[in-house]
Amino acid sequence: MPDTQNIEYGKSMTKQQLLKHLQDIEWDNFEVKTARTDVPKDVWETVSAFSNTSGGWIVFGVSQKKKTFEIVGVDKPEKLENDVLTTLRSKTKFNIKLSPQAKRYKIDGKNVLAFYIPSSDIKPVYFNGVQNTYIRTGSGDQQASEFEINALYRDQAFGSMSEKTVEGTSVDSLNKASYKRFREYLKGFNPNLHYNSMDDDEFNQRLKIVADGKLTYGGLLFLGTNAAITDYFSDFRVDYLEIPATNYADAEPRYTFRIEEQENLWEYYFVLFQRLRIYANNPLTIGEMGIGHEDTKEINALREALVNLLIHSDYFSPMKPRIRVFTNRIEFENPGKLPRTVEELMRTDETLPRNPVLAKFFRIAKLCESAGYGFDKMLQWKKQTGNEVLFETTIDKTKFTFMTDTTKATSGTIEEQSGMESGTIIPNSDMIEAKSGTITDKKTDKKTDKKTDKKTDKKILLLIKENHQITISEMSEVTGVSKSAINQQLIKMRKAGIIRREGADKGGKWVIIKQ
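Numbering that gives the first Met the number 0 applies: residue 0 is where the sequence shown begins, and numbers increase by one.
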């Protein structure tokens, strides 16, 4: 008799893949539940979290204790499977009908159930009221904040807002100097482009700068006057700071350079690009014929990141696209998540821009890749400089980080200093062994740098003194330490009796017990 019995309803996962997932302690698309006799109540939180993020597997019949997993099996697999599928497909508990895929295994004579919960096209997905909206962070489920729920609602319009028209605008809302510069740029750098021969009216219509006599949101943001743009985006800006330290807390002064506000995205592009050139090495080499050639791979990598930021920003978010130049890295952070995981997008040349009209403007100007997200161009940075390029997308933002000088790190890992979750593009090479249905992490425990912990503790305590309702995100912003690292430090401090939390996650406060 075969060791594994499979019942498959779509997405495939073998027994070996199941065991491999259990071996990886850092997964964020996998959740195990003991569930020997009944469907656990907290499974609906995980269903919501996977539906609202990138999808994932829920496995019944596996027990977890810290970093050890044991196959315990379920007693009535048919009943449990039916209970889960009926609930998710009936809309009795969730706000939309869900279509999970189920799989059944026999491992060491024990029944194991696995359900694949796909990412939903309609978001947010919640149960028993919108307040029960969950998202996936790291390897856990977290109740979504109001800000994150609003971001999920906005994502329903992903890819469509930039071509919608803006009431109260017309061609008079265009910045004449920017418009002229754009048309001249196209003629100079893409002379064979068929749009160049069109008059202004046809050009505007064909490129969706104007529709029905009104500017589109893409046309307004790209070429509008600042006065017209701020009528609809009250705090329109791309924030650029150069910070003389590896984190905000150590910066004195707070910043050394800040780009002034510009008329529109076309003007922002040129000002930002010229400033970023300072941080790229473009050596000039002389060929056999005595002709000079400039190596532009480094600046092209930064330009790709810059254009990605401008194309994929959620301009309706209260967050603003921003670039931060620290002494050891350059961060490009924009509001709005990517439509797929970074890993998926890197495997294909699929193009799913949040703002297709903006994407077309930059592509016909030959300022970015014509297909895909340009990850290959961005990764040239590592090939040319030897420094890492880190990618991260969360429920409400996307960040690309180019390390420039890792010798200037003051605390934490490279990922922590850039605000990244560990392992965003760096594969986990730790070896783990599975025997007799028990999976144990053999990874060597990392030694905690006590000096670093104490330094972070002091910064956290100072921030709490100033603001008892400060959030983890705000602490991360000020200290330059990742949110996950801040959260782990807060847990340690609470266990040590240094601080405590009073009230709910939202609206509660931190209390200092001892220092």
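Keep in mind the hints are simulated off the structure, nothing from the lab.
Treat the hints with care, since some could be wrong.
To be verified - Think about it this way: if two alpha-carbon atoms lie no more than 20 Å apart in a straight line, the pair counts; the simulated SDA-like pairs of lysine to any residue are:
{"#": "1", "residue 1": "LYS398", "residue 2": "PRO317"}
{"#": "2", "residue 1": "LYS78", "residue 2": "ILE106"}
{"#": "3", "residue 1": "LYS65", "residue 2": "ASN28"}
Status of the hints after comparison with the structure:
Taking the CA atoms of LYS398 and PRO317, the gap is near 16 Å; set against the 20 Å cutoff, the hint holds. For the given pair, LYS78 sits about 19 Å from ILE106 by alpha-carbon distance, which is consistent with the 20 Å threshold. Simply put, LYS65 and ASN28 have alpha-carbon atoms about 18 Å apart, close enough for the 20 Å limit, and the pair holds.
Hint compliance for this structure: every hint is met.
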